[in-house]
Each structure stands twice: as C-alpha cells, then as structure tokens.
Amino acid sequence: MTATRFATIPRAGLFTEAHDEMRAGVRRFVDRAIRPHVEEWETAGDFPARELFRQAGQMGLFGAKYEEVYGGTGPDLVADAIITEELARCGSGGVAAALGAHKDLGPYYIYRFGTEQQRQRWLVAAVAGESIGALAVTEPGTGSDVGAIRTRAVHVGEGWRISGSKAFITNGPVADFIVVAAKTDPEAGRTGISLFVVEAGAPGLAVRRMETVGWRTSHTGELVLEDCYVPHEALLGQENKGFPQLMECFQWERIVMALGAVAAARQTLDLAVAYGRQRQAFGRPVAAFQTWRHRFAELATQIEAAQSLTYHALRKTVAGEGAVREVSMAKWYATELDWRVADEALQIHGGYGYMMEFPVQRAWRDSRLGPIGGGTTEIMKEIIGRSYDL
Amino acid sequence: MLHPLFTPEHEEFRVTVRAVVESEVAPHALDWEREAHFPDWVFKRLGDLGLLGLRYPAEYGGQGGDWGHAIVLAEEMARCGSAGVGMAVAVQSEMATPPILKFGTEEQKQRYLVPAIRGEKIACLGISEPDAGSDVAGISTTAKREGDGYRINGRKTFITNGARAHFCLLVTRTDRNAGYEGFSLFLVDTDLPGFSVSRELNKLGMRSSDTAELALDDVLVPSSALLGEDGRGFVEIMWELQGERLIGAAGSVAGAWLVFDRTLRYAKERTAFGSSIGTFQVNRHKFATMATELEAARQLLYDTALAWERGEYPVKEISMVKLYAGEVVNRVVNECLQLFGGYGYATETGIERAWRDSRLLRIGGGTDEIMREVISKAMGL
Numbered sequence: 001m002t003a004t005r006f007a008t009i010p011r012a013g014l015f016t017e018a019h020d021e022m023r024a025g026v027r028r029f030v031d032r033a034i035r036p037h038v039e040e041w042e043t044a045g046d047f048p049a050r051e052l053f054r055q056a057g058q059m060g061l062f063g064a065k066y067e068e069v070y071g072g073t074g075p076d077l078v079a080d081a082i083i084t085e086e087l088a089r090c091g092s093g094g095v096a097a098a099l100g101a102h103k104d105l106g107p108y109y110i111y112r113f114g115t116e117q118q119r120q121r122w123l124v125a126a127v128a129g130e131s132i133g134a135l136a137v138t139e140p141g142t143g144s145d146v147g148a149i150r151t152r153a154v155h156v157g158e159g160w161r162i163s164g165s166k167a168f169i170t171n172g173p174v175a176d177f178i179v180v181a182a183k184t185d186p187e188a189g190r191t192g193i194s195l196f197v198v199e200a201g202a203p204g205l206a207v208r209r210m211e212t213v214g215w216r217t218s219h220t221g222e223l224v225l226e227d228c229y230v231p232h233e234a235l236l237g238q239e240n241k242g243f244p245q246l247m248e249c250f251q252w253e254r255i256v257m258a259l260g261a262v263a264a265a266r267q268t269l270d271l272a273v274a275y276g277r278q279r280q281a282f283g284r285p286v287a288a289f290q291t292w293r294h295r296f297a298e299l300a301t302q303i304e305a306a307q308s309l310t311y312h313a314l315r316k317t318v319a320g321e322g323a324v325r326e327v328s329m330a331k332w333y334a335t336e337l338d339w340r341v342a343d344e345a346l347q348i349h350g351g352y353g354y355m356m357e358f359p360v361q362r363a364w365r366d367s368r369l370g371p372i373g374g375g376t377t378e379i380m381k382e383i384i385g386r387s388y389d390l
Numbered sequence: 001m002l003h004p005l006f007t008p009e010h011e012e013f014r015v016t017v018r019a020v021v022e023s024e025v026a027p028h029a030l031d032w033e034r035e036a037h038f039p040d041w042v043f044k045r046l047g048d049l050g051l052l053g054l055r056y057p058a059e060y061g062g063q064g065g066d067w068g069h070a071i072v073l074a075e076e077m078a079r080c081g082s083a084g085v086g087m088a089v090a091v092q093s094e095m096a097t098p099p100i101l102k103f104g105t106e107e108q109k110q111r112y113l114v115p116a117i118r119g120e121k122i123a124c125l126g127i128s129e130p131d132a133g134s135d136v137a138g139i140s141t142t143a144k145r146e147g148d149g150y151r152i153n154g155r156k157t158f159i160t161n162g163a164r165a166h167f168c169l170l171v172t173r174t175d176r177n178a179g180y181e182g183f184s185l186f187l188v189d190t191d192l193p194g195f196s197v198s199r200e201l202n203k204l205g206m207r208s209s210d211t212a213e214l215a216l217d218d219v220l221v222p223s224s225a226l227l228g229e230d231g232r233g234f235v236e237i238m239w240e241l242q243g244e245r246l247i248g249a250a251g252s253v254a255g256a257w258l259v260f261d262r263t264l265r266y267a268k269e270r271t272a273f274g275s276s277i278g279t280f281q282v283n284r285h286k287f288a289t290m291a292t293e294l295e296a297a298r299q300l301l302y303d304t305a306l307a308w309e310r311g312e313y314p315v316k317e318i319s320m321v322k323l324y325a326g327e328v329v330n331r332v333v334n335e336c337l338q339l340f341g342g343y344g345y346a347t348e349t350g351i352e353r354a355w356r357d358s359r360l361l362r363i364g365g366g367t368d369e370i371m372r373e374v375i376s377k378a379m380g381l
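Chains A and B are the protein sequences, given in the same order. With our numbering, letter number 355 in the first sequence gets 355, and the count goes up by one each step, no holes. With our numbering, letter number 91 in the second sequence gets 91, and the count goes up by one each step, no holes.
In short, the hints are calculated from the structure, not lab data. A portion of the hints provided could be inaccurate.
[Said to hold, decoys possible] In silico contact screen, one side only, chain B against chain A (beta carbon under 7 angstroms); selected entries:
1. ARG111
2. ARG284
3. ALA288
4. THR292
5. GLN299
6. LEU323
7. ILE375
[Unchecked claim] Straight-line alpha carbon distances no greater than 20 angstroms define the calculated DMTMM-like cross-link-like pairs of lysine to aspartate or glutamate that follow:
8. B:LYS109 - B:GLU11
9. B:LYS109 - B:ASP66
10. B:LYS109 - B:GLU236
11. B:LYS44 - B:GLU59
12. B:LYS268 - A:ASP389
13. A:LYS316 - B:GLU11
14. B:LYS268 - A:GLU382
15. B:LYS377 - A:ASP270
16. B:LYS44 - B:GLU120
17. B:LYS144 - B:ASP218
18. B:LYS102 - B:GLU312
19. B:LYS109 - B:GLU229
Ideal placement from N, C-alpha and C gives every residue a C-beta, glycine not left out.
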C-alpha cells in the first residue's frame, strides 16, 4: 500500500526506479523475517533482538545513510526513508521502533559528529547489525525541555564521570552503546550540553526495562549512571555543543516518525476496511453503511494530505534546505493522524476491537506514542509558531 | 525548493501575473463587491494578456503552457481581493472551455474557443438544475433530435457568468432510456430564440461574480452544436469536473494563505493583557495548526495536479484535494475571523468576505458529501 497510485507523483522529486526495487526487497524481508512472528513476539513482550538486528544489518537496512567505507550503501536519505516506511508496515510498532531507533538515533549521531576512529569503533558494527545502539536524552524529570537536563559529566583525569538518570530509552536495556546527553557546564543551560558514548557494562551504569502501554516488543529502558566513568574518546563532537547537535539530528528523527506514521496509518486503514467489508450487521457489510464509507473517505483523504506534507518536508531536507518548520508540521500532523485512524479502526471492530486477539488494539496502543516521542505535538506547534515569529 | 510541478519559468510568470492582478484588478475589487458585479472588460483585458488561454495551443491563441501555469493564475487571482472575479475567470478558462479543446470539432474551436481565449466571448457552464445538483444524472434538460438539429428544453441554475455569457456549454439528456449513456453536451449561443436568463441570484458570498438561472424553451440548435459524442456527455462532463475541482481548490487555498498572512500580521500588532495576541500560546498553536493544514492542502494539490498534468486520471485524489481544501480553508478562515475579533465581523477588514466566499468551496463543483462518495467508491466501498 505504501507505493500507492501516488508513487508517480513524488517520484518526480524523490523516488527512482532503483528505489522502487529496493523498496520491494525491504518489503519481502519484512514479510518474511518479521510479520509472521509478530503475534508471538507481542505476546512475549520481546523479540530476538540480536538475531533480527543481524539479519536487518545483512539486508543493509542500517546503512542507507552512510558511505561504503562504513558498510553502508549510501549516502541516500531517500532510500533510508523507504526503509522506514517499509518497517512501519511490519505490524509491530515495537519492532519497527527498535530497528528504527538503531537506524536513526545512536549510530547516526556517531556518523554525524564522530571522529573517524569513533566511526570505526561504533558505527561499522552498528551498520552491520552486530551491535545495537541507543540514544539517551530524556530524563525522569525533563522531556520536552531538553535544555533542562540534569545528568552531569565531570572531567576527571583522562576521562569523564557521568551521573544522572535517563528515561524512556528505546533499546536501552539491550544496547551495546548509548549516546548520552549530559551537562558539562551546569550553569549554562542549552550551551552546556555535550554528548558521550557510553558502552554497556561501563562501571556505574545500571539499566532497568520499563513497561509500556504500546511498543511492547521493544526494550524501553531507564538508565541510572552513578559516577559512570568513560574515557576521553567517549566525547562525541565538541564539548558544550550537544544542544545544536541534538536539534540537528532531531530533524531526521521527526521526518522518519512522520514517514512511519503515514505508512502505519495506511496499514491500519486497510485493516479497518477489510474488517468492515466482511463484518455483517443489519444485513450488509458494516463498511457499506454510508457513515462508515464517508469516515473511511475522510481518513484516506487526510492520509494523502499527510503523505504530501511529509514528502514535501523530505524533499526539502534531501535537497539540503532547512526545513525545520515543514518537518515539525509533518511530524505532528502524521502522528496525530495515525492515532486517529487507529481509533476509528478500533471502533469499526466493535467489541473485537477491544480484544487482545485482534491486531487493531495494537495499532491503537502503538500509534499513541507518535504524538509524544521525538518531540510532542505541543513542542512541534511551539516550533512552528515561533518560526512565524510568534 | 520548487515543487516539481513548477520550474523557475513558472515563478517568473507568477511575478508577472501578480503585478497585473495587483495593479489592474485589485484596485476595483471593493467596488465590484459592493455592486455585486464586475465589468466585462476584465475578460477582455486578461484575454489580451494571454491569461485566459494558458494551457491552450498557440494555434488557437493560447500560450501552450501547462497545469503549473493554470495553478499560478488561480493562486495569483486570489490576490485581487474578490474571489468572485477569480471564480468567473476560472469558469471562462478552466471549466467551460477545456471540453471544447478536448472534444470539439475544428469549427467549434474556431467559433468558441478562440474568442473565449481572447476574452471576446464569455463562457458559462450549465450543469446544475433547480431539482438536480449533486445528482448530475438526475438532470431533466432534454435535447430532442428534430430534423437536422435538436430542440432543447429545461432549466439550469447557479450558473456563474450565466447572466452575460455569449455561449453556454450545456449538459442535456438526449436519451431518457439510456442511463448514463443518455447524456450529451451542447455549445449553445445565448442569443438564440428561447434562451433566457430567468433570474439572477443573490448570493451569500462570491458576490462580484454573476450567478444566473437559465431557461431554455424550445431552443433549436443545429447538429453542429453537439459537443463531443451524442450519448457520451456524462463521461465528458465528469472529465471536465476534475480540472474544475483542482482549479477551484487552488484559488481557495491561495486565498486562505493570504488571510492567514494578514491575520498573522494583525496578531503581532494587536495587544491585549500586555502582549501581542499572537504570542499567547493558544494562539501561537492555532497558527501552527492552520499553517500545517494549509501546507498539507497545498502539497496535496500540487502532487495531484502534477499527476493530472502527466496524463493520469486521478479521480480519487482530485476529490481528496477538493474535500480536504474545502474543509481546511473554511476552518482556517473561520479561525482567522475569530483572531480578528470584532474587526473580523466588521465589513471593513474584508475578513468576513473571505469567510463568506470560502464557504462555497464545500458546495460548488461537487459537495463535500459527493467527494466522500467518490472517494469511498474509488476505495471499493
């Protein structure tokens, strides 16, 4: 469904035939390696992360943004966007999130801000799917307000001691390395943040898995760092430049969230339409009632609008133009829509929509994270409003 | 960067059109709104400038352009400050005349298309009837074969340009028993005996354009008045409606952006409780929401127009553009009226005019409800 009739439109600015072939390959992988296992994994609240990351790495799903020298197939942001869209169709928001967080968060920061040595050490294995990466910014006491983080990194001898806690960290409990944001100048607010790479097993690092309403297969973690020592080479990029670095990478995180939300919304709408067609009430399929036909039309329309808006943001980004406003628009609009679609999809399922044996409840739970993660809808609207000098 | 629908040449064209609209049309807009009429010279002037034939081939006096140009014109016409003028121009250039190029004979093109492109003959399009709007197949205007021609009887209503048109592209039934295969299009001169303007309609918005109810009583037309194939009229008019919906949405979305810009300026200047009202978080988020939805509408329009330009027939997506634009534009303009407060309700700011004008998009060219019908049918529902 992702390659809709619209495929011919954005191709003018984005997709080539090689991209279409690549998309078909990713789709086959998702259909073979993920979809058949989703129910089992969701029930278990877990999935064989090591094994799946390795397979995805071999498929090249983590390397579209990087040059061959790091094991990548790029750099090609459009290809990376396609991978996101196809992963979003896997049927489990948690699996898509785990693979996506690795693709777009921790390792991506190492590529963007790391030295050649850091890239060789952490990025190459990550691209191959041999290691798992994560990003830790949010804290128990601060989410949207990134400048207010309290985790502290103090210079000691040849390295740093980091103390603080981090919350809601996707892949945190299974990660081999985590990019951690910490204050190196506690007086300075936004201008006192730096990024560090903390490896699993570092002394003073403790990780606890958090239970979540959706994304239940993925491992969401709380990290506690107590005088956690990292060597000097763990500093990623320039000291005190962490905030602008985060803001830069947040753009890609938000674009892929929008892309994933549109693809997931299509999938959920298909699910709802299929159910509505076969479920009978008052002598005809529920989907044949005019009120449902019009609701489906409305949702499908908004999905196409979200698609166009998201591709607009992507097109600008790929062209190297600043697109903070457009990316923020796409992020909130697409993720809110995904959840609205899931809520309507749940509604047409009636009582079955409320039962765990039907997949629609998962779409409903999983999609709820969209308007929260990666910058809330409220923060997106702040950014957009401020872009108009308000 | 430009959307792939446009090239830098389109943007140069935009600058030219904007200058014309701002210097020659906009200064009169308020008068025309008050008079509920704009003069015929507008057609002639735009025709002289080549703006009524943007997508038509040079051999008929057109500019040989594409849908990118048509959309630029619709967007820039919105700047004239009177949406009714833009609508009348769109009827002339993108609704009543494209079927002549597509289905017409050489003689019909010479007789109607060429002068319409010049702005010398004003065109109208007759689809709706007093008793049949959304249900196009329910129209009852009939054209009966008689001798070498046809005898036409019926009523048409809500006809833009109807009171002053020189010819009408008319949808009729030629065979009552043939279902959807029983419709035919005609090009009818409005000065023929039996053709009359039964009344002019007073409207809530779009007041500068004229809207008429037409009566056809035993109007005799020759066979050469038949446009396209006898019996193919329904399919032909459905094709026409696709371009109509795109161009209608383009003008309305552009108009809403202008209202958004004005309201943004106002919200920065206007203070209350010690700060400009735009900086209240609730209002800042309102602007963010409006801008997001308007941008989504615009991008969906551009993507779809590009598909249409490239020869696809994306009926579902065009209906989506029309539906989405109608909803968003109305929501946005209503919110802007709210932000303007009392000044929004006062005639002098023109915000209430945009509010009234934009309401039509959810009715004309196919209602929201019909759009949802078309979309859900295309989804197999």
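Now for the hints, and whether the structure bears them out:
1. ARG111: 37 angstroms, violated
2. ARG284: Holds. Min distance 3 angstroms.
3. ALA288: 4 angstroms, holds
4. THR292: At about 4 angstroms, which falls below the 7 angstroms cut-off, the nearest Cβ of chain A leaves the hint on B:THR292 intact, so it holds.
5. GLN299: 4 angstroms, holds
6. LEU323: Interface hint status for B:LEU323: holds (5 angstroms vs cutoff 7 angstroms).
7. ILE375: 4 angstroms, holds
8. B:LYS109 - B:GLU11: Not OK: B:LYS109 and B:GLU11 at ~30 angstroms, beyond 20 angstroms, violated.
9. B:LYS109 - B:ASP66: Cα-Cα ~19 angstroms, so holds.
10. B:LYS109 - B:GLU236: 16 angstroms, holds
11. B:LYS44 - B:GLU59: Answer holds: B:LYS44 to B:GLU59 is near 19 angstroms, not above 20 angstroms.
12. B:LYS268 - A:ASP389: Since the Cα atoms of B:LYS268 and A:ASP389 sit roughly 9 angstroms apart, the hinted pair holds (cutoff 20 angstroms).
13. A:LYS316 - B:GLU11: Measuring from Cα to Cα gives roughly 18 angstroms; hence the hint holds.
14. B:LYS268 - A:GLU382: Answer holds: B:LYS268 to A:GLU382 is near 16 angstroms, not above 20 angstroms.
15. B:LYS377 - A:ASP270: Holds, because 15 angstroms separates the two Cα atoms, which is no more than 20 angstroms.
16. B:LYS44 - B:GLU120: Given that 20 angstroms is the threshold and the Cα spacing comes to 6 angstroms, the pair holds.
17. B:LYS144 - B:ASP218: 10 angstroms, holds
18. B:LYS102 - B:GLU312: Distance ~15 angstroms between B:LYS102 and B:GLU312 Cα, so the pair holds.
19. B:LYS109 - B:GLU229: 15 angstroms, holds
Checked against the numbered hints given earlier, this structure breaks hints 1 and 8; the rest are met.
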